[in-house]
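Peer 1: Given next are the chains, with one letter for each unit.
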Amino acid sequence: MSATKEPSTVAAQSAAPEKAGLPPEEILAAYRVMVLARTTDDRCLSLQRQGRIGFYVPASGQEAAQVGAARALRPEDWVFPAYREIGVALARGVPLQLLLDQFIGNSGDLLKGRQMPNHYGFREFNFVSGSSPIGTQISQAVGAAMASRRRKDAAVTIAFFGDGATSSNDFHAGLNFAGVYRAPTIFFCQNNQWAISLPRSRQTRSETLAEKAAAYGFPGVVVDGTDLPAVYAAVAEARRRAVAGEGPTLIEAQVYRFGPHSTSDDPRRYRSDSELAHWKETDPLKRVKELLVTAGLLDDAKDTAVWEEARRLVTTALEAAEKTAPLEPASFLEDVFAAPTPRLVEERAEFEGLLRDGVVRP
Amino acid sequence: VNELTLVQAVNRGLQQAMRDDPDVVLLGEDIGVNGGVFRATEGLLKEFGEERVLDTPLSETGIVGTAVGMALYGLKPVAEIQFLDFIYPAFDQIVSELSKFRYRSGGQYPCHVVIRTPYGGGIKGGLYHSQSTEAYFAHTAGLKVVVPSTPADAKGLLLTAVYDEDPVIFLEPKRIYRSVTGEVPDGDHRIPFGHARLVREGTDVSVFAYGAMVPVVAEAAEALGGEGISAEVIDLRTLVPLDEAAVLASVEKTGRAVIVHEAARFCGFGGELAAVLAEKAFYSLKAPIARVTGYDTPFPYALENLYLPNAERVAHAVRQTARAG
Chain F
1 MSATKEPSTV
11 AAQSAAPEKA
21 GLPPEEILAA
31 YRVMVLARTT
41 DDRCLSLQRQ
51 GRIGFYVPAS
61 GQEAAQVGAA
71 RALRPEDWVF
81 PAYREIGVAL
91 ARGVPLQLLL
101 DQFIGNSGDL
111 LKGRQMPNHY
121 GFREFNFVSG
131 SSPIGTQISQ
141 AVGAAMASRR
151 RKDAAVTIAF
161 FGDGATSSND
171 FHAGLNFAGV
181 YRAPTIFFCQ
191 NNQWAISLPR
201 SRQTRSETLA
211 EKAAAYGFPG
221 VVVDGTDLPA
231 VYAAVAEARR
241 RAVAGEGPTL
251 IEAQVYRFGP
261 HSTSDDPRRY
271 RSDSELAHWK
281 ETDPLKRVKE
291 LLVTAGLLDD
301 AKDTAVWEEA
311 RRLVTTALEA
321 AEKTAPLEPA
331 SFLEDVFAAP
341 TPRLVEERAE
351 FEGLLRDGVV
361 RP
Chain Z
1 VNELTLVQAV
11 NRGLQQAMRD
21 DPDVVLLGED
31 IGVNGGVFRA
41 TEGLLKEFGE
51 ERVLDTPLSE
61 TGIVGTAVGM
71 ALYGLKPVAE
81 IQFLDFIYPA
91 FDQIVSELSK
101 FRYRSGGQYP
111 CHVVIRTPYG
121 GGIKGGLYHS
131 QSTEAYFAHT
141 AGLKVVVPST
151 PADAKGLLLT
161 AVYDEDPVIF
171 LEPKRIYRSV
181 TGEVPDGDHR
191 IPFGHARLVR
201 EGTDVSVFAY
211 GAMVPVVAEA
221 AEALGGEGIS
231 AEVIDLRTLV
241 PLDEAAVLAS
251 VEKTGRAVIV
261 HEAARFCGFG
271 GELAAVLAEK
281 AFYSLKAPIA
291 RVTGYDTPFP
301 YALENLYLPN
311 AERVAHAVRQ
321 TARAG
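Residue numbers (the working numbering), protein chains in the order written: chain F, 1 to 362; chain Z, 1 to 325.
If you are wondering where the hints come from, they were derived from the structure by calculation, not from laboratory data. One should not assume that every hint holds.
To give an idea of the chain Z side of the interface with chain F (calculated C-beta under 8 Å), a few residues [what the hints assert, rightly or not]: (1) 70; (2) 135; (3) 139; (4) 166; (5) 190; (6) 300; (7) 302; (8) 305.
Quick list of the computed label-pair ranges, beta carbon to beta carbon [claimed, not checked]: (9) F:329 / Z:188: 52 to 62 Å; (10) Z:88 / F:309: 20 to 30 Å; (11) F:95 / Z:88: 15 to 25 Å; (12) F:198 / Z:74: 47 to 57 Å; (13) F:342 / Z:187: 28 to 38 Å; (14) F:266 / Z:124: 24 to 34 Å; (15) Z:88 / F:204: 40 to 50 Å; (16) Z:276 / F:246: 31 to 41 Å.
Because the structure is a prediction, the values reported are computed rather than measured. Beta carbons are placed, not taken as given, at the ideal position from N, Cα and C, and that holds for glycine.
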């Protein structure tokens with residue numbers, strides 16, 4: 001079964017940049033982030049093969065959806081990511097260095113090496129710590145949105161998830177709660193057509209994922225996730241609705257995962273090269289570049305400079321990350337609770353004794 | 001000071017926290033208009049309104065997932081799961097999310113949710129309104145597990161739970177919700193976690209219990225006193241953190257230990273207690289450690305009185321332990 005772009009049966013969105021309220025200079029800034037995300041992906045896939053990082057989850061093909069969505073948010077809004085949202089993180093302003101430190105798991109990693117690469121979270125950027133179980137962040141985003149309203153804050157929340165997550169318990173629970181309480185939440189589904197090896201057509205009998213919102217009593221929209229201004233417009237409208245007290249919105253951004261599910265996956269086992277080639281014709285980076293060239297903001301020489309700059313940034317951050325000291329061995333015993341229980345104090349003493357005696361070595 | 005039942009003490013604890021702190025919100029099934037199926041939240045909707053007492057759709061994962069999000073944002077949600085037996089749809093949120101947020105974020109995202117839930121047998125509740133599965137939660141790093149056995153402890157431990165910085169599974173022994181009454185201090189009465197309660201001092205055998213088994217053990221100890229066996233009864237109150245010091249001190253004094261819980265024996269919390277005693281009080285022990293527990297079966301409906309430890313079974317085990325060695 002080949003996954004082709006599905007016709008929108010709900011409310012197709014395709015907007016010219018000016019109509020979408022995204023000025024050309026904004027598009028150029030977004031393009032730089034998209035190129036940085038793609039460059040980081042490419043480098044990290046090769047770093048994983050070289051054994052320099054343990055694992056990687058690429059987002060290539062999904063940059064317009066991620067950066068377009070993030071650009072429509074405000075700093076006070078809360079992002080509940082899955083684990084494929086590098087474009088969102090970078091667009092929120094998370095320094096590349098923090099990402100590379102997390103991938104390596106060194107002493108600069110704010111998560112203290114506790115999580116696999118890509119499962120990061122950065123409080124300063126309201127980018128909540130993610131996890132591997134699918135869909136769990138969806139109901140959490142609803143709770144945070146309800147809390148924001150209780151505090152009379154203007155912040156909305158947005159949950160990022162994939163097509164596979166629409167089959168999860170928490171998709172149903174989260175959307176249902178959000179509908180009942182009219183939570184100021186945006187559900188942003190990146191339908192990248194494949195949940196590891198299962199095609200979208202086998203995930204649900206529904207024609208679109210967006211139409212599932214109807215069952216929960218709020219709008220669902222399909223957007224071409226390779227079209228940056230269209231994604232921006234869809235999320236900006238969903239945000240406007242949330243802030244105005246009109247409740248949640250489900251957005252299905254139709255994209256394609258160019259790479260493997262993760263570095264542990266070989267997509268040639270389940271999908272065809274021709275399908276990939278078909279989707280690469282609408283590579284989101286190519287589409288944004290065309291917009292910028294038409295607007296007179298980019299030419300081939302400037303584009304080359306954008307890519308070179310991205311490669312330089314990744315190299316610099318990688319070199320710094322590899323030079324940063326490793327984690328303190330006993331640090332894995334911290335942060336279980338606000339203060340360690342007597343049992344954890346005892347286990348730490350035991351571990352440090354084993355270290356001291358050379359029974360375990362860092 | 002008021003004479004209250006255990007469930008009334010829970011209610012007063014929630015009311016106190018909600019009066020003192022506007023960040024405290026309640027969510028759960030039938031907790032608003034209905035006041036909870038056990039009436040633990042009676043009157044709270046009327047006093048605090050539906051913004052703070054949320055009658056939720058029937059979804060435990062929705063309740064806990066939503067509470068997790070509220071807590072991340074800074075509120076102090078207290079979720080009610082109607083019966084511990086119904087908590088499993090939320091197991092992923094509890095085990096994969098709630099318990100791990102602080103750790104997995106390197107301390108950036110503490111996630112403090114209190115989950116209150118009635119647990120245990122003895123109410124003719126059958127398979128799905130009777131279980132005592134505290135060990136799942138005690139086994140999960142990052143969760144505190146609290147089990148009161150008196151009205152004063154129910155209020156005092158609940159208020160500590162609400163203001164604690166970590167997630168708390170608060171197990172309410174529903175069998176003694178109304179059968180036990182006691183004096184409960186007014187106001188913001190808190191009892192710290194990690195401190196066992198000496199129920200009855202004794203010299204011959206230490207008996208450890210928690211929740212609804214505490215009055216059962218106290219009854220057995222009273223009867224044994226008449227036979228010349230002096231049983232020391234200790235209510236653990238919190239399983240995590242565990243007051244190991246109190247457990248060890250008692251057994252160092254008596255040299256004999258009986259552990260009582262209504263949960264199944266295999267991998268039950270009593271196994272951990274027995275291991276602590278074997279590791280740290282081995283040379284004080286004069287007799288094998290005994291366990292009086294539920295059986296390794298699902299919870300039976302018609303014969304629950306035979307499944308659950310009672311005073312006679314406890315007394316029998318204490319007698320054997322007192323005479324052994």
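Peer 1: Each of the hints needs a verdict: does it hold here or not?
Peer 2: Status of the hints after comparison with the structure:
Given the 8 Å rule on beta carbons, the hint for residue 70 (chain Z) holds: about 4 Å separates it from the nearest Cβ of chain F. For residue 135 (chain Z), the interface hint is violated, the least distance from its beta-carbon to any beta-carbon of chain F being 15 Å, above 8 Å. A cut of 8 Å between beta carbons decides the hint on residue 139 (chain Z): the least distance to chain F is about 13 Å, and the hint is violated. The closest approach between the C-beta of residue 166 (chain Z) and any C-beta of chain F is roughly 5 Å, which is under the 8 Å cut-off, so the hint is satisfied.
A distance limit of 8 Å between C-beta atoms decides the matter here; for residue 190 (chain Z) the minimum to chain F is near 16 Å, and the interface restraint is violated. With its C-beta approaching chain F no nearer than about 30 Å, residue 300 (chain Z) sits outside the 8 Å limit, and its interface hint is violated. Checking residue 302 (chain Z) against chain F by beta carbon gives a least distance of about 33 Å; that is not within 8 Å, so the hint is violated. Taken as an interface hint, residue 305 (chain Z) does not check out: its beta carbon lies about 36 Å from the nearest beta carbon of chain F, beyond 8 Å.
Evaluation of the 52 to 62 Å hint for residue 329 (chain F) and residue 188 (chain Z) yields a failure: the beta carbon distance comes to about 41 Å. Range check, residue 88 (chain Z) to residue 309 (chain F): Cβ separation about 51 Å, and the 20 to 30 Å hint is violated. The hinted window of 15 to 25 Å between residue 95 (chain F) and residue 88 (chain Z) is violated, with their beta carbons roughly 41 Å apart. Distance hint check for residue 198 (chain F) and residue 74 (chain Z): the Cβ-Cβ separation is about 38 Å, which falls outside the suggested range of 47 to 57 Å.
Judged by the Cβ atoms, the range 28 to 38 Å given for residue 342 (chain F) and residue 187 (chain Z) holds: they are separated by roughly 29 Å. The hinted range of 24 to 34 Å is not satisfied by residue 266 (chain F) and residue 124 (chain Z), whose Cβ atoms lie roughly 56 Å apart. Between residue 88 (chain Z) and residue 204 (chain F) the beta carbon distance is about 24 Å. The supplied range of 40 to 50 Å is therefore violated. About 56 Å separates the C-beta atoms of residue 276 (chain Z) and residue 246 (chain F), a value inconsistent with the hinted range of 31 to 41 Å.
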